[in-house]
Amino acid sequence: MTLDQLPRLHRAEILSVDWDLLAPEEGKRLRALGIDKGAQVAIAHRGIFAGHDPISLEIGRMTVALRRAHAKAMTVREL
Amino acid sequence: MTRLRTAALVGNPNSGKSALFNALTGARQKIANYPGVTVERKAGRMFLLSGEPVELIDLPGSYALDASSPDEEVTRRVVLGEFPGEVVPDVLIVVLDAANLEQHLVFAQELIELGRPVVVALNMVDLAERDGLVIDPAALEQALGVPVISTVAVRKRGLDELRGAISSAEARAERDPHRHPRPHITLPERRLAARNIAKGAILSETAQHRIHASLDKLLLHPWLGPPILFALLFVIFQAVFAWADPLIDLLDGSVGALIDFANAHLPGGFLTDLLTQGVLAGVGSVVVFLPQIVILFAFILIMEQSGYMARAAFIMDRLMAYVGLSGRSFIPLLSSFACAIPGIMATRAIADPKDRLTTILIAPLMTCSARLPVYAVIIGAVIPSRTVAGVVGLQGLVLFALYVAGIIGALVAALVLRRTVTKGAASGFIMEMPRYQWPPLRDLLIGLWQRAWVFLRRAGTIIFTVTVVLWLLLSFPKAGPGEDQVDASFAGKIANGLAVVVEPIGFDRDMALSLIPAMAAREVAVSSLATTYAVSTDDEEQEAVALQDQLAARWTLPMALAFLAWFVFAPQCLSTIAVARRETNGWKWPLVMLGYLFALAYIFAGLTFWIATAAGL
Numbered sequence: 001m002t003l004d005q006l007p008r009l010h011r012a013e014i015l016s017v018d019w020d021l022l023a024p025e026e027g028k029r030l031r032a033l034g035i036d037k038g039a040q041v042a043i044a045h046r047g048i049f050a051g052h053d054p055i056s057l058e059i060g061r062m063t064v065a066l067r068r069a070h071a072k073a074m075t076v077r078e079l
Numbered sequence: 001m002t003r004l005r006t007a008a009l010v011g012n013p014n015s016g017k018s019a020l021f022n023a024l025t026g027a028r029q030k031i032a033n034y035p036g037v038t039v040e041r042k043a044g045r046m047f048l049l050s051g052e053p054v055e056l057i058d059l060p061g062s063y064a065l066d067a068s069s070p071d072e073e074v075t076r077r078v079v080l081g082e083f084p085g086e087v088v089p090d091v092l093i094v095v096l097d098a099a100n101l102e103q104h105l106v107f108a109q110e111l112i113e114l115g116r117p118v119v120v121a122l123n124m125v126d127l128a129e130r131d132g133l134v135i136d137p138a139a140l141e142q143a144l145g146v147p148v149i150s151t152v153a154v155r156k157r158g159l160d161e162l163r164g165a166i167s168s169a170e171a172r173a174e175r176d177p178h179r180h181p182r183p184h185i186t187l188p189e190r191r192l193a194a195r196n197i198a199k200g201a202i203l204s205e206t207a208q209h210r211i212h213a214s215l216d217k218l219l220l221h222p223w224l225g226p227p228i229l230f231a232l233l234f235v236i237f238q239a240v241f242a243w244a245d246p247l248i249d250l251l252d253g254s255v256g257a258l259i260d261f262a263n264a265h266l267p268g269g270f271l272t273d274l275l276t277q278g279v280l281a282g283v284g285s286v287v288v289f290l291p292q293i294v295i296l297f298a299f300i301l302i303m304e305q306s307g308y309m310a311r312a313a314f315i316m317d318r319l320m321a322y323v324g325l326s327g328r329s330f331i332p333l334l335s336s337f338a339c340a341i342p343g344i345m346a347t348r349a350i351a352d353p354k355d356r357l358t359t360i361l362i363a364p365l366m367t368c369s370a371r372l373p374v375y376a377v378i379i380g381a382v383i384p385s386r387t388v389a390g391v392v393g394l395q396g397l398v399l400f401a402l403y404v405a406g407i408i409g410a411l412v413a414a415l416v417l418r419r420t421v422t423k424g425a426a427s428g429f430i431m432e433m434p435r436y437q438w439p440p441l442r443d444l445l446i447g448l449w450q451r452a453w454v455f456l457r458r459a460g461t462i463i464f465t466v467t468v469v470l471w472l473l474l475s476f477p478k479a480g481p482g483e484d485q486v487d488a489s490f491a492g493k494i495a496n497g498l499a500v501v502v503e504p505i506g507f508d509r510d511m512a513l514s515l516i517p518a519m520a521a522r523e524v525a526v527s528s529l530a531t532t533y534a535v536s537t538d539d540e541e542q543e544a545v546a547l548q549d550q551l552a553a554r555w556t557l558p559m560a561l562a563f564l565a566w567f568v569f570a571p572q573c574l575s576t577i578a579v580a581r582r583e584t585n586g587w588k589w590p591l592v593m594l595g596y597l598f599a600l601a602y603i604f605a606g607l608t609f610w611i612a613t614a615a616g617l
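Heads up: the protein sequence lines correspond to chains A and B, in order.
Residue numbers in the first sequence follow my numbering, run continuously in steps of one, and reach 79 at the last position.
Residue numbers in the second sequence follow my numbering, run continuously in steps of one, and reach 617 at the last position.
Accuracy of the hints is not assured; some may be wrong.
Simulated DEER-style distance windows between Cβ atoms [claimed, not checked]:
#, chain 1, residue 1, chain 2, residue 2, range
1, B, 139, A, 25, 33 to 41 Å
2, A, 79, B, 581, 51 to 59 Å
3, B, 465, A, 20, 52 to 60 Å
4, A, 79, B, 205, 38 to 46 Å
5, B, 598, A, 46, 40 to 48 Å
6, A, 23, B, 496, 27 to 35 Å
7, B, 82, A, 20, 42 to 50 Å
I should point out that these hints are in silico values taken from the structure, not numbers from a laboratory.
The beta carbon of each residue, even a glycine, is placed where N, CA and C say it ideally should be.
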C-alpha cells in the first residue's frame, strides 16, 4: 500500500521511498523533515478541494503538508 | 579594546528563534541584506550579565547544513565561517523547540559536531508543557555534552541563564581555543541518536498536542476551513477601512491645521507655497494612510506568528495547483498585499524555479498597501457611504471587489504564464505546519514598528522628493493672465501628451499627470492629485478643501472606476521592478512583467470606462 491510500488517522510505518519519483530537491526536503524509510506517520487531514490534495501528515510531534504525488512514492505498512 | 563579540542564533524553522532574538535584543535591531545575496540579515545588540555588549545574529531557519535554499546556504556559510565579510560567530546558540525535540535534535547534533562553543536554548517549554510534555534539561545536557538552558522567549523566562551560559561558553573557548570536532555521522545515524536522546530527556508525555489537533480539525475542515479563511480575509479588509477612519481623520485634520498655520504665519511667497502646496499637501496626503497600513500588517503578522498562515497555504494549495502553483506561493502573495517587495523576496522559499518565477511575475497584481491610499481616496470621493443588506459598508465592498479583481487577475495570469513563458513540470508542496500559538505582543509590535518605519521613510524620501519635483514642474513657467496654471506648466505639457494615449480609456489630463510620479510609488498618485488641485486653485480657502471633495466635483463615476481598474493592474512602482530584476538576475523578466501588466491595465481601465458609461453611471 502506498501512503496516499492510507485511511485517515491510521498509523503506519514507511517501508520504502521511491526517490526516483521525486525531484531531488523534494527528496532532500522530505528527508530533512524525517520523512524517510522507518518513519512512523499518520494522515491527519486531507485536502479540501477535488483530489483530496494536499495531505497533512503527522510525524512525531510535527505536522507536515505534502502532496499526494509525494505520498504515492512511499510504500507503507499499517501498524 | 577587543572587537565586539558575536553570537548567532541557529536552528530549525519554527523553533521560536525570532521570538528569542526579539527577547534578547529588544528594539536594538538592524535589518539589512547579506552582500551579494537577497537574504535578510537580522542583527541586534544584546548585553551579557556583566554588561558587555554582544552582536547577536538571527540566522535563517534551516533543517540541515546541507543547504537546499538560498536562505539555508547563508546559514551554512556563516556557521562554517565561509561567508566573506561576516565574522565567524564566537558562540552558536542552538534553538530547539521543546515540543519537537526529536526532529530539532537532528540539526542540533550536526551543529554540535562542529566542535565550536555551543549553548542550547530549549525554547517554548511552556507550549511543550501545555501539550503534556515534561522534559529534563539536565538529561539533555548530559546526552549532548553542551549546556542546555530552558527558555520561554515570549515570557522572557531563562534569558539571564542563557546570557550566563553564553559568557561561560566564550570563556571556555578562550582558555582552550582549539576546536574539538566530534566524529561526523550520517543522517540516519543522527536521526536514531536524536530519537534516543529525546526519549531519554522526556520525563512524561501525555495526550499528543490536543489544542493543535482540535484547532486543525476546525480550521482544516473540508467545509468549514475555506469559509473561515475567506471570512477572515473579508474581516481584514473591512477592518482596514472602518477601524482606521478616526485615526485618519485625526491625521488629516492635523495636516490641514498645519497648512492653515503655515499660511497664516509665514510670509507669502515661493517657499511658503512650496511648503504648503508641495510638501504638506503632498506628503501629508500619504502619511494619513499609515493607520490602514499598520492594521493590514497587524493582521498579516498575527496570521504568521499564530501559525495560521501555514494552514491558509494548505487550504489554498489545491486552488493554486489549478493554475500551476503551490500553497507555498500563497505566503509571498499574501505578503504582497502589504508590499510586493517583501512578497517577491519571500519567493525564495519556493524551491521550484518556474514556480518561483511565476509567483514573482504575478506578485504585483496583489493589491499592495501603496494602492490603498489611491483606492481609499477615490472610493471615499465617489462611492456613497451607505450600507448594503444592513451590515456591509458599500465602500468596504468596493474595496473588497478591487482586491478580488487583483487576485483573479493574478490567478488567470499564472495560468497563462505557466502554459507559455514559464512552462514546466507541475511543482510540489512540502511544508512544515508550525504549532498554533498566541502571537506574542512584543514580537507583533516590533514587526509593526519595522513596517511602519519603512513606510514613513518612503514618505520622507521618495514621496517627498517626487512631490516637490512635481510641484516645481507644475508651478513653472508661471501662467499668463486668464490661463490655467496647470496647462501652462511643464508638467501640464507632458501630461497633455500622455493624455492623448489614455484619453480613450476615460482619463483626463489631471489623471494622466498623476500616473507619471506614481511610477516612483503608487501612493504618490494621491499626493500628486492633491498637489495639482492645490496649484490650480488660487483661492486659499479652496486649497484647504479636502482632496476627496475636489475629486467628487471633478471626476465622473466612470472616470473614477476606470482609474481604480488601472491601479488594479498597472506595474506602477519602480522599486518592485528593481527587486524583480535583482531576484531574477536580469532585465528579461522585469520587462515581461512591465509589458503584460501595462497591457492589462490599459485594457481593463478601458473596459471599465466603456461599460460604466454605457450603463449610464
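Quick rundown of the hints versus the structure:
1. The supplied range of 33 to 41 Å is met by residue 139 of chain B and residue 25 of chain A, whose beta-carbon atoms lie about 36 Å from each other.
2. The hint said 51 to 59 Å for the Cβ distance between residue 79 of chain A and residue 581 of chain B, and at roughly 52 Å that hint holds.
3. Taking the beta carbon of each, residue 465 of chain B and residue 20 of chain A are about 56 Å apart, inside 52 to 60 Å as hinted.
4. Evaluation of the 38 to 46 Å hint for residue 79 of chain A and residue 205 of chain B yields a failure: the beta carbon distance comes to about 18 Å.
5. Checked against the hint of 40 to 48 Å, the C-beta distance between residue 598 of chain B and residue 46 of chain A comes to roughly 42 Å, which is consistent with it.
6. Distance hint check: the CB atoms of residue 23 of chain A and residue 496 of chain B are about 55 Å apart, inconsistent with the given range 27 to 35 Å.
7. Range check, residue 82 of chain B to residue 20 of chain A: about 32 Å between beta-carbon atoms, so the 42 to 50 Å window is missed.
Violation of the numbered hints given earlier is confined to hints 4, 6, 7; the remaining hints are satisfied by the structure.
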